[in-house]
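Student: The numbers in numbering that gives the first Met the number 0 rise by one with no breaks, and the one at position 12 of the sequence shown is 11.
What the hints contain is simulated information worked out from the structure, not anything from laboratory work. Check each hint, because a few of them may be wrong.
[Claimed, not checked] Simulated pairs of lysine-lysine, BS3-like, Cα-Cα distance not exceeding 30 Å:
#	residue 1	residue 2
1	K223	K130
2	K67	K118
3	K118	K130
[What the hints assert, rightly or not] Using C-beta positions, here's what the derived DEER-type ranges look like:
#	residue 1	residue 2	range
4	L146	A98	27 to 33 Å
5	T47	H157	52 to 58 Å
6	A210	T47	19 to 25 Å
7	V137	A216	33 to 39 Å
8	E215	P147	36 to 42 Å
9	K130	G158	46 to 52 Å
10	A65	Q2	40 to 46 Å
11	D41	T107	40 to 46 Å
12	D136	E215	42 to 48 Å
13	D183	D41	19 to 25 Å
14	A84	R26	22 to 28 Å
15	K67	T229	33 to 39 Å
16	D183	A61	35 to 41 Å
17	A61	G126	37 to 43 Å
Owing to the predicted nature of the structure, the values given are computational and were not obtained by experimental measurement. All residues carry an ideal CB built from backbone N, CA and C; glycine is no exception.
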Amino acid sequence: MAQPRLLLTRPRPGAETFLARLSPALRVGAVISPLIEIVPNDASPDLTSYAGVIFTSANAVAHAPAGKGRPAYCVGPQTTQAATAAGWQAQMPGLDAEAMIAALSGRTELGPLLHLAGKHRRGDVAGVLSKTGLQVDVATLYDQRLLPLSEEAQALLHGDAPVLVPLFSPRSAAQFAQAATRTDAVLAVSISAAAAEALEALPLRAHDIAAEPTGEAMAEAVEKLFRRTTLP
């Protein structure tokens with residue numbers, strides 16, 4: 000069997016960062032075909048009335064005002080690292096939104112907070128936290144527009160080699176399921192059970208779920224599936 004090829008569907012900056020995490024064998028011949036395009040709306044939220052912010056995505060950090068030492072409550076290590084680099088006093092209450100909500104629920108002394116986010120977000124972080132007494136508002140900084148798979152990506156899916164496809168969100172997984180014209184050679188790695196659900200109806204050669212919803216865990220899962228597929 001031919002050695003698997005890698006297909007990355009994240010927006011290009013995130014795809015290139017993830018690719019750099021992987022071993023040289025996986026980087027050879029990798030194809031990047033973003034399924035989501037980040038489109039900023041040039042919003043400039045007024046933070047003066049807030050004690051801090053919430054980030055659930057590194058994309059939000061990239062389109063937010065400078066931190067200037069203000070508190071930021073972040074989901075996952077990648078977002079926390081990005082917020083720290085942008086000048087926020089960043090801390091990570093959880094690896095995912097559910098864990099963060101559990102950690103911040105009822106902590107009224109932290110607020111009011113502003114959730115800086117994209118147009119499409121999974122769950123109502125602000126609404127759920129506000130019901131616990133912690134006031135949280137939302138400011139939308141960008142849209143995440145869906146894109147088709149490129150001709151190069153479709154050709155890869157129709158080639159002779161298996162195709163390793165890491166999927167980093169339920170929305171991108173659903174878009175891949177709709178856009179891919181062939182999937183029976185796909186070795187999928189989903190970041191969560193929610194993302195994996197979007198692929199349930201597809202014929203796949205293999206499908207793994209990362210141990211936790213982080214870039215590091217996704218890289219480990221991709222490497223393991225690659226080794227499992229290439230070992231005699």
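Student: Check the structure against each numbered hint from earlier and tell me which ones fail, lowest number first.
Tutor: 1, 6, 7, 8, 11, 12, 13, 15, 17
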